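**Q** Here's the letter readout for the chains.
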Amino acid sequence: MTDRATRLRASNVRTALVLASIALVFFFGIIAAEYMGGPTAAIGVMGSTVLLFLVVAIGRNLRK
Amino acid sequence: MSSIPHDHVAGHDHDHAHHPTGLLRWVTTTNHKDIGTLYLWFSFTMFIVGGCMALTIRTELFQPGLQIVNPEFFNSLTTLHGLIMIFGAIMPAAVGFANWQVPLMIGAPDMAFARMNNWSFWLLPPAVVLLITSFFVPGGAAAGGWTLYPPLSVQAGMGMDLTIFAVHIMGASSIMGSINIVTTILNLRAPGMTLMKMPLFVWTWLITAYLLIAVMPVLAGSVTMLLTDRHFGTSFFNAAGGGDPVMFQHIFWFFGHPEVYIMILPSFGIVSTIIPTFARKPLFGYASMVYATASIAILSFIVWAHHMFTVGMPAAGLLFFMYATMLIAIPTGVKVFNWVATMWKGSMTFETPMLFAIGFIFLFTMGGFTGLVLAITPVDIQLQDTYYVVAHFHYVLVAGSLFAFFGGVYYWLPKWAGRMYDEKLGKLHFWTSFVFFNITFFPMHFLGLAGMPRRIPDYATQFTDWNQVATVGAFGFGLSQLIFLSAVVKCIRSGEPAPAKAWEGADTLEWTVPSPAPYHTFETPPVVK
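Just so you know, the protein sequences line up as chains A and B, in that order.
For the first sequence, the working numbering gives the first residue as 8, with consecutive numbering after it.
For the second sequence, the working numbering gives the first residue as 54, with consecutive numbering after it.
Worth flagging that the hints you see were computed from the coordinates, not collected in a lab.
One should not assume that every hint holds.
Going by beta-carbon spacing under 8 Å, a handful of chain B positions derived as facing chain A [unchecked claim]: (1) Met106; (2) Val235; (3) Pro270; (4) Ser275; (5) Met278; (6) Leu280; (7) Ser348; (8) Ile355.
Please read all numbers here as calculations on a predicted model, not as lab measurements.
From the three backbone atoms N, C-alpha and C, an ideal C-beta is built for every residue, glycine too.
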């Protein structure tokens, strides 16, 4: 593989890992929040996280 | 994005289709075009399976009393019809479009993770097999509705376990597919293709994929808790053990409402591609379309409880969710305005894709308006779980998502198959679908307003007339889809050869490669100016 291809591959894996970690946090997060109780707070935190995540994810790429 | 000037047609002027042939090709393929084709045929098959369930439901409802199925089986049919249409037909169809079109539209050689792409698809058939086999296990298939609400889902038989596993598998497939799509769009765009130069279809899929990554794990988490409630002695949602069934509804709809936009945003992208082509004008308000799509996605996370106005929320909660829901009409209105403005004074022609796009705008807007009616809390309390709701979401998902997908298939078939479809068959398919769709679902507004509840196999006699009309319409709509199948098969087998640029007004990158698109495209990325 050329240098460019290697760099691209690494970049792809990095992006995928970030996205997969978000999915894992949501999966285990919702179960943990329910297990610990306090559903209102848990849903509030989840909602805010999603909003923040979307704003940051879209915002940081707008200028590319 | 008005148009993409590109200085070449690179890297696809040869046809190095080194791949196995026969069945092995389709099982082992890592090519985005093959996988897109697999997704699209799979989703059409599931559309027919789910459609047969719908026709059985409509046959049972042709007259009051019990005719052909028992009530439990009827409930299983409504449940599986919903699950199969959402997870087996609409979502895979959207992913099929993404697989075919995203790499071609951004000038990428393939998806970022080609092997994972193969896996994402091949997880789906076992999941659907689990769903369908659930009809044959003791206790029958899940029968508590596609929303899987407890306590019914906690008490149901083995069919519910199969459904939960199927949802897990389909969720994993969706998440892998979404990660692939986001990575492809962010990292593999052709030089010069900035985010704000991307075709709108790609933008809508980027946002849809983010939505999927955020909400599918929540659904997976909630059904996992259902599973542990059923078999491992936990009481997350089991009221008998101190659990909270209403909490399941909150969590489910935190997934469920974004899911609605997951199904409709790719359709917005398809319509935004078709209309400028046949109006021969650039899309009006490209940037506002992008921001409207993002706004819809963000708002979709804060409106979930409008699906559960009747569970007994505080008045402040009811008001918040009512107003938040109404806010979605603003970005959606921006989109509808922009589509109409794109057509304004355009040199329009009305080929089949354009007919489906205009049909989409007309009927989706009606579905949107009934959504606004249902957003009004006191009205929704009256109409909750009536046929008005059934009419509303079928206007959004059938006339919305499905019509856009039909339009997309006719639009891109020349590129996929290398042949033109039969325009007469396409138009016949559109008009029969349009007419029979309205015959089927418009009367359901009357039935709902008159108080007919959904998910019942029997009903009071005053609802008979409109139910009979709806049943006749449903069979007409079902038979219309055979026209679609024949149009596609005829196109593939004996259509006129298609030129590289099949539509005069098309200006996205896929039209720079030959038709049919070679097995490998853009191995040397094109430069977008």
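**Q** Are the hints correct? Go through all of them and say.
**A** Hint check:
With a cut of 8 Å, the hint placing B/Met106 at the interface with chain A is violated, because the nearest CB-to-CB distance is about 30 Å. Using the Cβ-Cβ criterion of 8 Å, the hint placing B/Val235 at the interface with chain A is satisfied: the shortest such distance is roughly 6 Å. The criterion of a C-beta within 8 Å of any C-beta in chain A is met by B/Pro270, whose closest approach is roughly 4 Å, and the hint holds. With its C-beta approaching chain A no nearer than about 7 Å, B/Ser275 sits inside the 8 Å limit, and its interface hint holds.
The beta carbon of B/Met278 comes within 6 Å of a beta carbon in chain A, closer than 8 Å, and the hint placing it at the interface holds. Taking 8 Å as the C-beta cut-off, the interface hint given for B/Leu280 is violated, the closest approach to chain A being about 11 Å. Evaluation of the B/Ser348 hint against chain A yields a violated restraint, the C-beta minimum of about 10 Å exceeding 8 Å. Here the hint on B/Ile355 is kept, as its CB sits about 6 Å from the closest CB of chain A, short of 8 Å.
In this structure, the hints that do not hold are numbers 1, 6, 7, in rising order.
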